[in-house]
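Visitor: Please put together the full structure from these sequences, using the hints given.
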Amino acid sequence: MSINNFLIAVIAVIVSPLLGGLLTGIDRKITARMQNRQGPPILQPFYDFFKLIGKQDIAVNQTQMVYVLGHLLFAIGALVMLVLQQDLLMIMFILAFSGISLIMGASSIRSPYSKIGAQREIMSMMAYEPVLLLMVVGVYKATGSFMISGIFEHEKPLLYSLPLVFLSFLFILTIKLRKSPFDFATSHHGHQELIKGLTIEFSGTQLALIELTDWIDLVLFMGLISLFFAQPIWVGILIALVCYFIEILIDNISARMTWQWMVKTTWVAGIGVALVNIVWMYLIP
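Numbers 36 to 320, taken from our numbering, label the letters of the sequence shown in order.
A few of these clues could be false.
The calculated lysine-lysine pairs, modelled on DSBU-like cross-linking and capped at a C-alpha distance of 35 Å, are [unchecked claim]:
(1) Lys176 x Lys86
(2) Lys150 x Lys64
(3) Lys176 x Lys299
(4) Lys90 x Lys64
(5) Lys176 x Lys90
(6) Lys191 x Lys299
(7) Lys191 x Lys176
(8) Lys64 x Lys86
(9) Lys150 x Lys299
(10) Lys299 x Lys64
Distance ranges between label pairs, derived from CB positions [as the list claims (entries may be wrong)]:
(11) Ile93 x Lys191: 47 to 55 Å
(12) Val270 x Arg145: 44 to 52 Å
(13) Met316 x Gln91: 52 to 60 Å
Hints in this document: simulated from the structure, not taken from any laboratory. Glycine included, each C-beta is placed from N, C-alpha and C at the ideal position.
Guide: Here it is, written out as structure tokens:
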């Protein structure tokens, strides 16, 4: 790795949590305004993060922190590969390992809420992972490469070639960000039958690191959206922010559905729509 790439990676690792926390604070503020509330300050996620860091860690078992660190480090690895314009397929695999690490951490705890949350997170991954892989296939067909650098070298934005794949990606983004109607495993709002589900038995520094990983994931997926509009990149960033606002709107106007409905809808609509786009590309080059 060259010095320039190393510096880019370091800057990305430092800046992305700051951007993710800021976007989360804006999310809370917009949500409050939609509900006719004043809402917390935009910097509240950072206040919560440092408060959690100062709390006493109460671990149910000794492996919890190992899984949490795996969850964080895999997410950082995927982010670094994204900013360095590396292999998109490998990024998806690393993101999957990040999610699996958190599931294993929740499953290692003898709590019914935690185990139910872990099971629902597995169902969520079964729903959105095929769409992510189809997106990678579509990118390869459009650019002839799995490398993100190939997207920037492509003569036209990916959206022109992959409009239906883009819609499918936005659909599963609601699942990945754990927003209604797909906040089954855990959410920012405690549910009666699940409480905090997947993260209920994590506290202190462990919970702070999970929040930090969520911020990194948020920035990473905003970056993936911008790849569909990579020329010019500022248009991609603007479109990503608009898409995030749409996700916030959906979160506030939607009631939570069942996980069975989520899987069925995603496999029929999300995967089906993406497949139509990819098959069309192969039939009509």
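Visitor: Quick one, are Lys176 and Lys90 close enough, alpha carbons at most 35 Å?
Guide: Not OK: Lys176 and Lys90 at ~49 Å, beyond 35 Å, violated.
Visitor: Just to be careful, I want the Cα atoms of Lys150 and Lys64 compared with a cutoff of 35 Å; is the pair within it?
Guide: holds (31 Å)
Visitor: Assess, step by step, whether the Cα of Lys176 is no farther than 35 Å from the Cα of Lys86, and give holds or violated.
Guide: Given that 35 Å is the threshold and the Cα spacing comes to 47 Å, the pair is violated.
Visitor: Note whether the CB distance of Met316 and Gln91 lies within 52 to 60 Å or breaks it.
Guide: holds (55 Å)
Visitor: Can you confirm whether the C-alpha distance between Lys299 and Lys64 stays at or below 35 Å?
Guide: With a Cα-Cα distance of about 33 Å, the restraint between Lys299 and Lys64 holds, given a limit of 35 Å.
Visitor: For the pair supplied as a hint, Lys150 and Lys299, is the alpha-carbon distance within the 35 Å limit?
Guide: holds (22 Å)
Visitor: Quickly compare the C-alpha distance for Lys191 and Lys299 to 35 Å and report which way the hint goes.
Guide: Since the Cα atoms of Lys191 and Lys299 sit roughly 34 Å apart, the hinted pair holds (cutoff 35 Å).
Visitor: Just tell me: holds or violated, for the beta carbon distance of Val270 and Arg145 against 44 to 52 Å?
Guide: holds (50 Å)
Visitor: Lys191 and Lys176 were given as a pair; does the straight-line alpha-carbon distance stay at or below 35 Å?
Guide: holds (14 Å)
Visitor: Does Lys86 lie within 35 Å of Lys64 when you go C-alpha to C-alpha?
Guide: It holds: about 20 Å lies between the C-alpha atoms, which stays within 35 Å.
Visitor: Assess, step by step, whether the Cα of Lys90 is no farther than 35 Å from the Cα of Lys64, and give holds or violated.
Guide: Holds - the C-alpha atoms of Lys64 and Lys90 are around 25 Å apart, at most 35 Å.
Visitor: Run the distance test for Lys176 versus Lys299: straight-line Cα separation, threshold 35 Å.
Guide: This hinted pair holds, its Cα atoms lying about 27 Å apart.
Consistency note: the structure conflicts with the earlier hints numbered 1, 5.
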